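Chemist: Construct the entire structure; sequences and hints are all you get.
Here the protein sequences line up with chains V and L, keeping their order.
Going by our numbering, the letters in the first sequence line up with residues 161 to 466, in that order.
Going by our numbering, the letters in the second sequence line up with residues 153 to 522, in that order.
Derived by calculation from the structure, the hints in this document are not laboratory data.
All of these numbers come straight from a predicted model, not from anything done at the bench.
All residues carry an ideal CB built from backbone N, CA and C; glycine is no exception.
Certain hints may be false.
A short, non-exhaustive set of chain V residues, derived as facing chain L with CB atoms under 7 angstroms [what the hints assert, rightly or not]:
1. N361
2. A365
3. R367
4. D368
5. A371
6. P383
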Amino acid sequence: MPPFLKEYFNRNGIGLGSVMLGLVLFWTVGLIILPQLSMLDFSFRPNLPPPEIGGPKDLYTLENYKYLIFGPEGGSQDYNAVDLRVFYRTLIAAVLVTLFNLMLCYPIAYYLAQTKGNHIRVLALMLIIPYWINEILRAFALRIIFGESGVLNNILVGAGVFDTPFDFIRNDIALYAGLGYAYILLMIFPIYNVIESLDRNQIEAARDMGASWTRIHRRVVIPYAKPGISSGCTMVFMLSAGALAAPQILGGPSSLWFTQLIYQQFNDNSDWPQGAAYAVVLLVTCILLVLALMRVFKVNMGDIGK
Amino acid sequence: MSAGVGVNLEDLWIRFGDFVAVREANVHINGGDFFSFLGPSGCGKTTILRAVSGFLEPSQGNVLIGGNNMKGIGPNKRPTALIFQNLALFPLMKVWENITFSMEIKGASARERRKRADELLDMIALTGQGDKLPSELSGGQKQRVAIARALCAEPDVLLLDEPLSALDLKLRQHMRSELREIQKRVGITFIYITHDQGEALTMSDNVAVMRAGVIDQIGDGKSIYNDPNTAFAASFVGENNVFRGTVKRVIGNEAMITTNRSGDLMARISTANHGKLKEGDDAMLFIRPEAFALAPVGTQGDHFVTAQVTKEEFEGNVFNIFMEGDGGKEIKVALPNLGQSFESHKGEPMTLEYDVKNAVALPAGVLATE
Chain V
161 MPPFLKEYFN RNGIGLGSVM LGLVLFWTVG LIILPQLSML DFSFRPNLPP PEIGGPKDLY
221 TLENYKYLIF GPEGGSQDYN AVDLRVFYRT LIAAVLVTLF NLMLCYPIAY YLAQTKGNHI
281 RVLALMLIIP YWINEILRAF ALRIIFGESG VLNNILVGAG VFDTPFDFIR NDIALYAGLG
341 YAYILLMIFP IYNVIESLDR NQIEAARDMG ASWTRIHRRV VIPYAKPGIS SGCTMVFMLS
401 AGALAAPQIL GGPSSLWFTQ LIYQQFNDNS DWPQGAAYAV VLLVTCILLV LALMRVFKVN
461 MGDIGK
Chain L
153 MSAGVGVNLE DLWIRFGDFV AVREANVHIN GGDFFSFLGP SGCGKTTILR AVSGFLEPSQ
213 GNVLIGGNNM KGIGPNKRPT ALIFQNLALF PLMKVWENIT FSMEIKGASA RERRKRADEL
273 LDMIALTGQG DKLPSELSGG QKQRVAIARA LCAEPDVLLL DEPLSALDLK LRQHMRSELR
333 EIQKRVGITF IYITHDQGEA LTMSDNVAVM RAGVIDQIGD GKSIYNDPNT AFAASFVGEN
393 NVFRGTVKRV IGNEAMITTN RSGDLMARIS TANHGKLKEG DDAMLFIRPE AFALAPVGTQ
453 GDHFVTAQVT KEEFEGNVFN IFMEGDGGKE IKVALPNLGQ SFESHKGEPM TLEYDVKNAV
513 ALPAGVLATE
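Modeler: Okay, here's the thing in structure tokens:
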């Protein structure tokens with residue numbers, strides 16, 4: 161037995177230690193690594209009817225990846241313009257949702273972390289309670305709010321801001337709002353956690369030296385909160401890019417989210433290998449994007465776990 | 153160098169809800185002075201500092217800096233710089249960036265800032281350490297960086313909130329003289345908050361002794377130590393032996409006090425209480441451990457104390473003898489170690505003599521708790 165395992169069992173006992181270790185292994189291997197490997201495997205196989213699976217035609221191929229880039233063989237276009245367009249639009253939209261969320265959540269997190277008093281607990285509770293409601297129900301609630309004859313349009317038309325109801329859904333505003341709202345807590349809490357440990361005296365010291373609030377945030381608070389900010393942004397970006405319910409319910413008729421294409425491949429076309437290839441491309445692109453941004457902003461992987 | 157900018161507190165009250173943190177403080181601090189507020193924790197001294205720095209608005213009364221009323225002026229607009237108890241250096245900025253943060257705010261170029269940082273680093277004997285992070289410095293070095301950062305803003309008044317309390321004893325004593333030296337060199341007013349009487353007495357031109365929001369006494373170290381206004385000041389600043397009793401007779405500026413255990417003793421009435429202590433008043437008589445001398449056992453008189461020896465200690469420079477005292481408290485006597493042979497008197501009675509001018513009679517009052 162390697163020494164670290166021995167020490168682990170000495171500390172936790174054989175019984176409890178094995179249970180905890182088993183659960184962690186089940187979680188990482190059984191629920192994360194194996195399914196992903198199986199998807200990876202799928203993505204390199206042709207879409208065959210069940211009897212032929214494992215047969216002579218079941219050979220590894222790059223067809224599914226080629227399809228995303230070049231479209232169906234003998235198609236009218238050189239590139240799969242439709243799917244590629246959905247792909248990069250999804251990524252850009254996810255980045256925008258992340259930025260929008262950051263701008264919204266940083267002040268909230270700062271306020272929660274640096275203010276004392278009971279009303280903070282009430283506020284935190286008010287943020288959490290909506291998450292007791294199912295994600296799909298929440299999306300429908302937003303659809304009702306943003307609908308053509310919805311609450312928001314009634315108010316805006318009634319107040320004379322618009323003459324006719326504004327189509328929030330067709331203009332994707334409902335979608336961005338829904339995505340932003342869905343992951344608000346995942347942005348607030350990592351930032352809150354970091355800022356809460358910031359010594360208030362540092363803010364006062366900067367103020368004492370004459371710094372404006374903008375500069376205090378730019379030079380003292382934000383550098384300190386960077387691990388929390390990157391952790392929140394990573395989660396919101398990953399989850400927005402991979403969201404399905406909100407785009408299904410809140411997206412306009414013209415806006416397809418890339419996850420919806422994946423969904424279609426799996427369910428409507430019953431083309432699992434094709435769906436798996438799309439999913440792998442999305443996952444790998446998102447990871448590379450996050451890693452690249454982490455390098456640009458000089459954040460370590462270890463900081464994100466904080 | 154300018155004569156320095158003075159600070160005045162006029163009838164200052166600070167309340168938090170029903171709690172009065174500072175009560176009617178009137179303090180005049182001369183420009184260029186090293187002034188200390190000395191008191192136990194929770195006495196309101198930090199509250200006063202926050203009112204001077206502008207982080208807290210007084211409930212009543214005024215803070216004047218250089219004769220200008222600071223009412224409504226925020227901490228970033230006052231000519232003060234504050235050094236925090238935990239220093240509050242910016243952990244992610246290099247030492248030189250920390251030091252010149254106030255210049256960065258004013259828009260100075262990186263080159264100017266670097267130059268100024270190097271000057272200040274020379275002054276605090278940290279030449280060439282500007283590119284380190286605060287976490288790479290020792291406690292004493294961080295301390296000096298915090299001072300340099302505060303001085304870089306060229307404040308008229310430097311406020312220090314127990315900045316030495318986190319250091320170990322040796323370093324603390326070293327930093328005392330260093331702080332005093334820096335203060336003399338830059339010539340600005342220092343306001344220093346401490347609960348350590350040694351710090352207050354060694355560094356300060358003047359000291360204010362505080363208790364529960366009230367300033368008991370303001371004066372230089374000698375008058376605070378030798379001529380306390382109140383029983384609290386007498387017992388908080390330095391070690392002191394207390395004898396409780398009532399005033400039997402007042403003769404000029406001296407009083408004869410009938411003590412509970414040690415008979416009638418004479419003492420000088422402290423200056424602030426001249427004419428106030430009257431016959432029959434409850435009084436306290438204070439004699440410092442070092443003010444006693446040995447006398448032949450059993451000698452009677454109004455400046456002799458006889459009691460049983462309970463404990464003896466050898467501290468190197470002094471022999472400490474503890475004797476049965478009033479109200480369960482021991483009488484402590486410190487006899488200088490002058491190479492004399494010292495015989496143990498444990499369990500035996502011993503008689504001590506003191507000079508009446510070294511004993512202080514005060515109205516009975518609250519004592520500092522250890």
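Chemist: Evaluate each hint against the coordinates.
Modeler: A quick look at each hint next to the structure:
1. N361: holds (4 angstroms)
2. A365: Since the shortest Cβ distance to chain L is 4 angstroms, the answer is holds.
3. R367: holds (5 angstroms)
4. D368: holds (5 angstroms)
5. A371: This interface hint holds because 5 angstroms falls under the 7 angstroms limit.
6. P383: holds (5 angstroms)
Hint violations for this structure: none, all hints satisfied.
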